[in-house]
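Under the numbering used here, the residue at position 8 of the sequence shown is numbered 8, and the numbers go up by one with no gaps.
These are computed hints drawn from the structure, not numbers from a lab. Keep in mind that a hint or two might mislead.
Stated by the list, open to error - List of simulated lysine-lysine pairs, DSS-like, C-alpha gap at most 27 Å:
hint, residue 1, residue 2
1, K42, K65
2, K25, K4
3, K65, K13
4, K25, K13
5, K25, K42
6, K25, K65
7, K42, K4
8, K65, K109
9, K109, K42
A quick note: this is a predicted structure, and the numbers were derived from the prediction, not measured.
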Amino acid sequence: MQGKVVIVTGGAKGIGRHAAHTLAKAGANVVIADADAERMHKTLGEIQQINREAIAVPTDVRDEKDVRRLVYDVADRFGRIDALINDAGIVPHFNWGIPRWPRVRYLSKDFWDSVIQTNLGGTFL
């Protein structure tokens, strides 16, 4: 991965954060794309401490304009994109932080639409 440019959506926490760290340790230049600016910048700082080039780009993967801006920002900075980790997603947490989906009868249409727009639409964009 030495010198490769990798975008990690959902890179501020969880699996995305771990992927960003692992890629940076393997020599990649990491682009952290996330809607959570505070956590995203924390992860950015951690990666920069291991002397890897990394940038943070606030991105809502449900918004086509945000995704286009992400791609243009990365292309302007690095000249290319070698890999993409699509990790942005919604996972509800119930029962003391354990990921678990509620029964369908408890899901609102708005929540379901948000899940589909993020988990599927974000990957498409």
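Each hint tested on the structure:
1. K42 x K65: 24 Å, holds
2. K25 x K4: Measuring from Cα to Cα gives roughly 12 Å; hence the hint holds.
3. K65 x K13: Cα-Cα ~23 Å, so holds.
4. K25 x K13: It holds: about 17 Å lies between the C-alpha atoms, which stays within 27 Å.
5. K25 x K42: 17 Å, holds
6. K25 x K65: 31 Å, violated
7. K42 x K4: Holds. K42 to K4 sits at ~22 Å (cutoff 27 Å).
8. K65 x K109: 24 Å, holds
9. K109 x K42: 33 Å, violated
Violated hints for the displayed structure, listed by number in ascending order: 6 and 9.
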